[in-house]
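**Student:** Given next are the chains, with one letter for each unit.
2 protein chains.
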Amino acid sequence: MRVTISGGVHGNELLGVYLVKKLQSDGLSPKELQLDLLLANPKAIKECRRYIDYDLNRSFDKAKLMQDSHIYEFERAKVIKDRLRDCDFLIDLHTTTANMGITIVLSSQEKLSENVAKILASEFEEVRILRWFSTDEGAFINSIVPASITIEVGPICQGVLDSELFFKTLKVVHRALDILQKEESMDEEVECYDIFDTIDFPRKDGEIAAMIHPEFAGRDYQLLHKGDPIFLGFDEKEYFFDRDACYGVFINEAAYYEKGIAFCLSKKSGI
Amino acid sequence: MRVTISGGVHGNELLGVYLVKKLQSDGLSPKELQLDLLLANPKAIKECRRYIDYDLNRSFDKAKLMQDSHIYEFERAKVIKDRLRDCDFLIDLHTTTANMGITIVLSSQEKLSENVAKILASEFEEVRILRWFSTDEGAFINSIVPASITIEVGPICQGVLDSELFFKTLKVVHRALDILQKEESMDEEVECYDIFDTIDFPRKDGEIAAMIHPEFAGRDYQLLHKGDPIFLGFDEKEYFFDRDACYGVFINEAAYYEKGIAFCLSKKSGI
Numbered sequence: 001m002r003v004t005i006s007g008g009v010h011g012n013e014l015l016g017v018y019l020v021k022k023l024q025s026d027g028l029s030p031k032e033l034q035l036d037l038l039l040a041n042p043k044a045i046k047e048c049r050r051y052i053d054y055d056l057n058r059s060f061d062k063a064k065l066m067q068d069s070h071i072y073e074f075e076r077a078k079v080i081k082d083r084l085r086d087c088d089f090l091i092d093l094h095t096t097t098a099n100m101g102i103t104i105v106l107s108s109q110e111k112l113s114e115n116v117a118k119i120l121a122s123e124f125e126e127v128r129i130l131r132w133f134s135t136d137e138g139a140f141i142n143s144i145v146p147a148s149i150t151i152e153v154g155p156i157c158q159g160v161l162d163s164e165l166f167f168k169t170l171k172v173v174h175r176a177l178d179i180l181q182k183e184e185s186m187d188e189e190v191e192c193y194d195i196f197d198t199i200d201f202p203r204k205d206g207e208i209a210a211m212i213h214p215e216f217a218g219r220d221y222q223l224l225h226k227g228d229p230i231f232l233g234f235d236e237k238e239y240f241f242d243r244d245a246c247y248g249v250f251i252n253e254a255a256y257y258e259k260g261i262a263f264c265l266s267k268k269s270g271i
Numbered sequence: 001m002r003v004t005i006s007g008g009v010h011g012n013e014l015l016g017v018y019l020v021k022k023l024q025s026d027g028l029s030p031k032e033l034q035l036d037l038l039l040a041n042p043k044a045i046k047e048c049r050r051y052i053d054y055d056l057n058r059s060f061d062k063a064k065l066m067q068d069s070h071i072y073e074f075e076r077a078k079v080i081k082d083r084l085r086d087c088d089f090l091i092d093l094h095t096t097t098a099n100m101g102i103t104i105v106l107s108s109q110e111k112l113s114e115n116v117a118k119i120l121a122s123e124f125e126e127v128r129i130l131r132w133f134s135t136d137e138g139a140f141i142n143s144i145v146p147a148s149i150t151i152e153v154g155p156i157c158q159g160v161l162d163s164e165l166f167f168k169t170l171k172v173v174h175r176a177l178d179i180l181q182k183e184e185s186m187d188e189e190v191e192c193y194d195i196f197d198t199i200d201f202p203r204k205d206g207e208i209a210a211m212i213h214p215e216f217a218g219r220d221y222q223l224l225h226k227g228d229p230i231f232l233g234f235d236e237k238e239y240f241f242d243r244d245a246c247y248g249v250f251i252n253e254a255a256y257y258e259k260g261i262a263f264c265l266s267k268k269s270g271i
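So the protein lines, in turn, are chains W and H. Each residue of the first sequence is one higher than the last, beginning at 1 in this note's numbering. Each residue of the second sequence is one higher than the last, beginning at 1 in this note's numbering.
Note that these hints are calculated values from the structure, not bench results. Some clues are possibly wrong.
Repeated chains share a single entry, so a pair holds when one copy, or any two copies, can fit it.
What the hints assert, rightly or not - Straight line, CA to CA, 27 Å or less: simulated DSSO-like cross-link-like pairs of lysine-lysine:
1) Lys62 with Lys226
2) Lys182 with Lys204
3) Lys81 with Lys226
4) Lys259 with Lys43
5) Lys62 with Lys21
6) Lys46 with Lys64
7) Lys78 with Lys267
8) Lys81 with Lys259
9) Lys226 with Lys64
10) Lys46 with Lys268
11) Lys259 with Lys46
12) Lys171 with Lys204
Put together the whole structure using the sequences plus the hints.
**Tutor:** Have a look at this one:
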């Protein structure tokens, strides 16, 4: 089985960058697996930015992969698509400023990916499974491989390393490789969360008019009830949640401000 | 007295940007004070980056202010120097990923600045005074005005707003204006910290080889003893502090990775 581990799809998410570098210098090569270690966006990594011209992790849809482009990430996406043409399984490493612990994001319904995610979630207390199947902006890197997990680790600021979360994530990655190598599987149902909508900040003339409410900050994966405070305006006006109870995730993720996402809504489910 | 409040000297430190915008929309104009509200680096603010070509807050030394330059920040520094030519007092707003609370940074020995800092530190529990008089990289914006305080607020991730720290900082800024307006002064000595050195990450061939140790993370302004762990290597090697006891500040500040600073050393003193 050919497995790729990618870090630095977003260049300022240092955990993935340095985890891939560590695995490179360790010379890790599990039996039964052909391992490819990928620093996905070298230019953004060098400049410690999320991306140079466009979000690389929204650059893998067919239209973008077909056109010649002045956009660095569109060209990089083609190079990565070619490099991953024989890849069987991708582990893509990210961080988030939201209080998400170690979240395994699944971006399609696929048996092997689900299997790895389920075993990890059942064995590690801090690991949760989140399903997020589509965005309007463009396709994830996961779309070019047959099976994959994305690992989102937080809260970590952009441009910063967190040694505790680094080694926790490393353990999860090692175990994922182990699962793939031994072809372990799991039949029991495991808890997961499904993103079904996103909520933007209140705005005035396009400008952000309110921040995440102090009582909502950091409450990822906690039940959000109708009537709970979610935003606090610069004028100190409070905004309350007016929908049916569900679970907030990616609350106050730095990279989503520009995408018009203050947080995502998810439902608890089973997989 | 002419007072300037600047936000967005670093474009991804959103607290200052939105605090200045709030004051603009509030139309605040204290008696006795002429208030100028400055969004210092509009291009970096638009792109939510620290800077475009060079750190604006290291762009105010004479050599840089004299030369014609292709560097956006050097040109912006000249514009700001001209705009602030009659400014008597500058309040410059920043955030840090370090656990610094609300830190008033003083960058020169000057009576009015010290006075404002002392009153704020004596009245607000979360406010501390830190003196940092020089860097090798270039002069701060404070160097072009006769008196100033820099307010560093943390921990806050780059590109993120924190509503609790936003309103705490707003109170401190209002009180600073109040002190300036009433020309209050304070004779009693107040505790402060003096930065006397900086410590880089352990490196191998120029590359970072270790992270801030979990036991040291977040311990800004706490006494660091000889023998305390400070770094944890990617190979799990521990590094220990081998100098006389002092206080770490700016521990794991994102923007200082590229400056070769993992944290700063400070001594407790009085002002």
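**Student:** Indicate, hint by hint, whether the structure satisfies it.
**Tutor:** A quick look at each hint next to the structure:
1. Lys62 with Lys226: neither (40 Å within a copy, 57 Å between copies)
2. Lys182 with Lys204: neither (54 Å within a copy, 35 Å between copies)
3. Lys81 with Lys226: neither (43 Å within a copy, 51 Å between copies)
4. Lys259 with Lys43: Classified as both: same-chain Cα gap 22 Å, cross-chain 19 Å, threshold 27 Å.
5. Lys62 with Lys21: Close neither inside one copy (30 Å) nor across copies (41 Å); limit 27 Å.
6. Lys46 with Lys64: Close inside one copy (24 Å) and across copies (25 Å); limit 27 Å.
7. Lys78 with Lys267: neither (35 Å within a copy, 53 Å between copies)
8. Lys81 with Lys259: within (25 Å within a copy, 35 Å between copies)
9. Lys226 with Lys64: neither (40 Å within a copy, 55 Å between copies)
10. Lys46 with Lys268: neither (38 Å within a copy, 37 Å between copies)
11. Lys259 with Lys46: both (24 Å within a copy, 14 Å between copies)
12. Lys171 with Lys204: Between. Shortest inter-copy distance 24 Å satisfies the 27 Å Cα cut-off; intra-copy 45 Å does not.
Consistency note: the structure conflicts with the earlier hints numbered 1, 2, 3, 5, 7, 9 and 10.
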